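Here's the letter readout for the chains.
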Amino acid sequence: MTSAYILSQIANGVILGSMYALVAIGFTMIYSIVRLINFAHGDIFTIGAFTTLACIALAKLPFPVAIVVVVAAGALTGMVIERIAFRPMRGAPQVTGFIASLAVAIFLENLAVMTMSAQPRTFLVPDYLNGLVDLGLMSVRMIDLMIVLLAIVLTIALVLFVRFTKVGVAMRATAENYDVARLMGININRMIMLAFAIGSGLAAVSGLMWGSKYGQISPFMGLLPGLKAFVAAVIGGVGSIPGAVLGGYLLGLSEVLFVALLPPEYSGYRNAFVFGALIIVLLVMPNGLLGRNTEARA
Amino acid sequence: MSAVLPLVRVAVIAVLGWLLLLAATSGLDPYTVSIIGFVGTNIILAVSLNITNGFVGLFSLGHPAFMTLGGYLTAILVMAPARKAVMLKSLPDVLVAQQWPFFPALLVGGLFAAAAATLVGFPVLRLRGHYLAVATLGLIFIVQSFAVNMSGLTRGALGLSGLPALTSVSWVYLFAVVTVYVSWRLKHSSLGRTMLAIRENELAAACLGIRVARTRVMSFALGAFFAGVAGGLWVHLVTLISPHSFTFLLAFQLVVMVVLGGTGSITGAVLVAVVLTVATEALRPAEEAAGLFGASQMTIAVVVVLVLIFRPAGLFGSAEPNLFAWLHRGARASLPTSNP
Numbered sequence: 057m058t059s060a061y062i063l064s065q066i067a068n069g070v071i072l073g074s075m076y077a078l079v080a081i082g083f084t085m086i087y088s089i090v091r092l093i094n095f096a097h098g099d100i101f102t103i104g105a106f107t108t109l110a111c112i113a114l115a116k117l118p119f120p121v122a123i124v125v126v127v128a129a130g131a132l133t134g135m136v137i138e139r140i141a142f143r144p145m146r147g148a149p150q151v152t153g154f155i156a157s158l159a160v161a162i163f164l165e166n167l168a169v170m171t172m173s174a175q176p177r178t179f180l181v182p183d184y185l186n187g188l189v190d191l192g193l194m195s196v197r198m199i200d201l202m203i204v205l206l207a208i209v210l211t212i213a214l215v216l217f218v219r220f221t222k223v224g225v226a227m228r229a230t231a232e233n234y235d236v237a238r239l240m241g242i243n244i245n246r247m248i249m250l251a252f253a254i255g256s257g258l259a260a261v262s263g264l265m266w267g268s269k270y271g272q273i274s275p276f277m278g279l280l281p282g283l284k285a286f287v288a289a290v291i292g293g294v295g296s297i298p299g300a301v302l303g304g305y306l307l308g309l310s311e312v313l314f315v316a317l318l319p320p321e322y323s324g325y326r327n328a329f330v331f332g333a334l335i336i337v338l339l340v341m342p343n344g345l346l347g348r349n350t351e352a353r354a
Numbered sequence: 005m006s007a008v009l010p011l012v013r014v015a016v017i018a019v020l021g022w023l024l025l026l027a028a029t030s031g032l033d034p035y036t037v038s039i040i041g042f043v044g045t046n047i048i049l050a051v052s053l054n055i056t057n058g059f060v061g062l063f064s065l066g067h068p069a070f071m072t073l074g075g076y077l078t079a080i081l082v083m084a085p086a087r088k089a090v091m092l093k094s095l096p097d098v099l100v101a102q103q104w105p106f107f108p109a110l111l112v113g114g115l116f117a118a119a120a121a122t123l124v125g126f127p128v129l130r131l132r133g134h135y136l137a138v139a140t141l142g143l144i145f146i147v148q149s150f151a152v153n154m155s156g157l158t159r160g161a162l163g164l165s166g167l168p169a170l171t172s173v174s175w176v177y178l179f180a181v182v183t184v185y186v187s188w189r190l191k192h193s194s195l196g197r198t199m200l201a202i203r204e205n206e207l208a209a210a211c212l213g214i215r216v217a218r219t220r221v222m223s224f225a226l227g228a229f230f231a232g233v234a235g236g237l238w239v240h241l242v243t244l245i246s247p248h249s250f251t252f253l254l255a256f257q258l259v260v261m262v263v264l265g266g267t268g269s270i271t272g273a274v275l276v277a278v279v280l281t282v283a284t285e286a287l288r289p290a291e292e293a294a295g296l297f298g299a300s301q302m303t304i305a306v307v308v309v310l311v312l313i314f315r316p317a318g319l320f321g322s323a324e325p326n327l328f329a330w331l332h333r334g335a336r337a338s339l340p341t342s343n344p
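Chains as they are written, first to last, in this note's numbering: chain W, 57 to 354; chain Z, 5 to 344.
These are computed hints drawn from the structure, not numbers from a lab.
In this text, all values refer to a predicted model and were calculated from it rather than measured experimentally.
There could be a bad hint or two in this list.
Claimed, not checked - These stretches of chain W come out as covered by chain Z in the derived footprint (C-beta under 8 Å, 3 or more residues):
1) 69 to 76
2) 277 to 291
3) 314 to 327
4) 331 to 343
Cβ coordinates follow ideal geometry from the N, Cα and C atoms, glycine included.
Chain Z on its own, in the form it takes in the complex (with noise of 0.2 Å):
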């Protein structure tokens, strides 16, 4: 596997992926299916908190806050104009006579959460470790009180309910994929290798030149786009939006599979996002079973310290590793057998 892939076999790979997709969900009930749509959204949100936080090592917890700007102007260019009409009082004329299709809409919603991300990305990415971590986590705080106080907007601590269930299984693959796709890409560009010179030392990729607040906001507000659209579809998938949605917890999870993962490594992202949200669904009936509720949360808890002790650096560090190697090693061994 070549570190950059041609996007001609990324395509065919991923429309193969799709199908293969559809013909394994299709016969499933709808509670599963969910499931495996919110594996696909928490699949986006870590690979993309990946990108700020792995790449270019900025302690960010401001993905909530971005998902529920995207989720909300989503929702809102959705829903339909009577609707708007009578639950959104203060919403401009403009918006009230649009009802956007889904893709447009999510796109919208990303690129309005990127754009919130380069306005506060300029002053607050001046900080440094964990002051920026809890400046960031301010901003959830601050999006949170906007949101439940600008109720002509927002509908207030209410939310948005009985939203319409767009998100399919589909939606949330094609986006993963583009996450996957371009994060991979970046990674392998000089961009990436720049935002990982940062990471690694920023005196010395100030000194080679390379713009480091330029790079630092662009990443922030990459990872934004991608957390914007993934509050679109998470918000589709649950047909509700509150300012209690997305919190605090949510960003510690996330930040849970990129450090377990191996800050920087798509491939740990991607994988502990899916073991983590299968298992946290899975352990919940046993939990209600039990009465033992947060025992799932502690659980997970309890591995990340335990991670940080003994595998500082999580499951791959950096690193991309080859999880295919062992299809390519058989195919060598058989092959003196084929060719005598």
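With the rest of the complex left out, here is chain W (with noise of 0.2 Å):
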């Protein structure tokens, strides 16, 4: 086991780390404001891959303008469904809303299937993000370095807008406090909306990076990521976006390691670290690495 080696593994878990923390980052926002796990959001993911796709392959448009297109798709699906499913069952137990979406999840990924087939899609990306690129120690594609630093900038920018910025305010005093911040007039609705349209346009970008990266998409691919970015959500503490971050790269680079580091026979069981870490993580530490005491989890 070369360094070289143990490097470009380190690299793939950050860039892993790098998707996993922007689906996560969308989890946790939805969460602090109206306490519902989506289950959406890794279809949120899928249809931000496809929309590549169709803005590379069909409409040729280039890749910068192809990452804005992506990221208006996802928040505009992520409103409609908070508009069309969410809105109408506010205020009820939470396992309703998780039921609720679930059956979006399931109604999305069999959508795409109707309309796209299940069958597996190449996804390709222009010429020069494949090349090559030298950082001295490692040379890594351009596509690699292009996801964590776009990954890097989304999330700087979103911890900016939600400290700094009136809005940014008022959503935190939304997740602080419901039925407060309503009194101070502010518009609730308006706010979770806004927290639907930032997640799931992360997601979206985030699926944008998993077909450039590995290639293939397909109409069942979000689900599992989905749940992983669930799982790093919980292990930075459900509802904190910096712990989205840190529990995305965590997990990334764990997972990664994982495989890379035990002997091969290991590899497989992949989902039954990540899982298993997650149960663990829920019974050790509840409320994450920078998560705060809000409620009983367990």
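Dock chain one against chain two, each of which comes alone in its own frame, and use the hints as you go.
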């Protein structure tokens, strides 16, 4: 096991972690405002990947434009889902929303199967993104570098937005206390919709990254990454944006290193490892690394 | 109909029902018979999931995991030793030598699932609400990755194919009746009341001296037992088991049956299980003819969302409506004319 091998595996872990982090941010934002684990979040990720493919292969848009279109498509889907499925049942028990989000997930997956068939598709990125970049110790593909940088930029932008803008403060107030925020004249519906829009936009970008990194997409691709991103959000502490990012990178790195460093006969157990980690974190540290103790989880 | 039916009366009704079922299915083609088998297994699954999710209010998605465990063990126990020696290299010699009849194999499959549920239940059932849901969903993936990777025991992703088609309508009927009966007796027993009390208010239940943790694990294990048995039945109905036989999609369908029927209502779970299974099978040819694959699942998903919005308690809530009330009413109405 050479140091170059370990370095490149760490790079893979960081890339996977970037994608988990972006999806996990959406989970956390939606959860902290409406206390809903949005199962359909993984399918927004799928929608992001397919929208990218449509932009590049059908509409022949340049890659940076495609990114913008994908964010918009994801945000729009998130808002529509919130309006149609979740808003009418606001105030119902938590589990109700969870079941509804399961239903939305099944709906979106089958819609994708119906319109585009269940066959996996090859995902192509422009040639210049496949070029190698020399980073001194190792060389990586341009796309890998772009994924990590894009994730960092988006995360920083989001943190600044939530912390310093007026709307961001209103969002935090809504997450802190729904009723008092309403009394202060904050439009709750708009805040919830905004949380869905931002979270879903980020998930869609993450789907774009997944497609460009692994080269294949299918209607069911969002299920496992979506669930694992939820695990990441739990590890970081549900409700905390920095926690979601930290959890995403931790999970991405440890998952890749679990496969890379252990003997090959264990590599098939990576899903068992991730979900085992979820159960252990929930039991030992139910508030996660950076979460606050706001409710009973265990 | 009294709340708790005496065992003898139930047995007589069950046997009569069995004879009727045999008479009704004797002339049917194998395809229709297998659909009846699926209806029965889905009844077992929905009613047993209702014990955990409906009575105690634990939102578990883990049923497919327990079905996989029960299904594999049943299949291994029933398989001929010569096949096992060739197909499953690292199976312990004790298991290779065994070839059991179907019934005890099913029971052991169920017990195995129940044991796994007990083991997992003590830590995992401390979680609440949707955290529990995601953790039990994780169980599906954990069991799946073990089934894929322990290929000496399970033949990995290939699965065990060419299993004997042992599951007859009678077996499914027997276990469906037992599941419904046990669940019914449970709901109207003190243990069942304990479970409902935990669902309504855990703190108050604990204050009344109910051992919450123990009762939860008990309900989880009981549900898993029937899931394991249903797994064994299912596997010998389709004559195949693979790590991907029972997935997250199935967990969703089962939860839908419980939620649409009304969490806690056995009648509701049975009715919705029958309707959903028949509807899915009936829609399949239409779906294939129209080329709209997935349309039936989409319809079900839309119905679920609509029910959650407009009738969040489901069809019957927690109640057990007397579906035969109109019969009694008819009898009572005709009484005066016979005795003037």
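| query | Does the structure break any of the earlier hints, and which numbers would those be? | reply | Going through the list in order, the structure violates hint 1 alone and respects the others.
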